[in-house]
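Asks: Work out the full structure, taking the sequences as your base and the hints as a guide.
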Amino acid sequence: LKTWFPSTSFPFIASAPMFGVAKGTLASAVTKVGGFGFIGAGFDLSPNSAQLAAVSSELSRTREILALPSSDPLPVGIGFITFHPSAATTSSLASVTPILEEHKPLAIWLFAPSAADVHTALIPGLKSIGSAWGLKVFVQTGNVEAARAAVRDGADVIVAQGSDAGGHQFKRSVGFACLVPEVVEAVEEEKGEREVAVIAAGGIVEGRGVAAALAAGAGGVVMGTRFVVSDEAGTPEWRKKLLVETKDGSQSTVKTAFFDELPGHNIWPSPFDGRAVVNQPYQEHLNGMPMQESTELYNASINGGDGQRASIWAGAGVGLIKSIEPAGDIVR
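For the sequence shown, the working numbering puts the final residue at 1059, and the numbers step up evenly by one.
No lab work stands behind these hints: they were computed from the structure.
You may find that some hints are simply not true.
What the hints assert, rightly or not - List time: in silico BS3-like cross-link candidates among lysine-lysine, alpha-carbon distance up to 27 angstroms:
id: 1; residue 1: K759; residue 2: K968
id: 2; residue 1: K974; residue 2: K1049
id: 3; residue 1: K967; residue 2: K1049
Remember, predicted model here, so these are calculated numbers, not experimental data.
Replies: Here you go:
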């Protein structure tokens, strides 16, 4: 990892590409102190996508903050969610090529394909585009077979995300302590002569979690929820404060598809669900409120600008987060 990402320190610590939260300000703050920052680029890879235009702007901002000349590769990554139909079309590579060639990010992160062959087509194309500046492809996985498939597709870095993670993940998974060692063995079997790294994610918020991940065989870690509660995150302040006040993630968070179904249209493919803070809609759901009524109340609340019923994605390690801090201090 140090060879591929020379600006990073040991251990390799990345901030996750959380869409809407992880922008250029956060990514650059993480990278500045020897971490590796990702920007959440969204899911729309279609021509003239507003999401692609936004990530291009964020990459420009990142280069400005890091004060790097335009000829240098940019030591950050961008993350795409790949279940959108646009990811499965031949035009997706054409859509992202100008952005990649202009900004030269060192990494692309892919997650949640709508079908197994989406990444099979996408990864070689991305690596071909970025070969001139050493672009590496990260693939987020949650089980051994998904990790094997990602290696076969050409991924350079396997993100072994355990079920303690906040936000979206594989429905069927386990904690990283069990997942990482088996994924490491599987990657060794699949990679042949290539170099493929494995990094851990899911419930890691401080040094003890990092040490545990390294002991399990990971080459580094990714943290999401911890960076949601950083000064530079694009998270509303009331959400940051709520997460700091949330304790005992084993009881205060829950992994379920409920939060995706709540708006009335679950856009995520069936293999995935998410972990979020237990809130009023979920408690009402447990008490028997019909889903249609939950959806009506949720949409009325959100449309009215009220955050009371909002879904707050968070990992099970949230209780270990004591304060809102600068991203650089979190990495250090």
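Asks: Taking the numbered hints from earlier one at a time, note which ones the structure violates and give those numbers from smallest to largest.
Replies: Every hint satisfied by this model.
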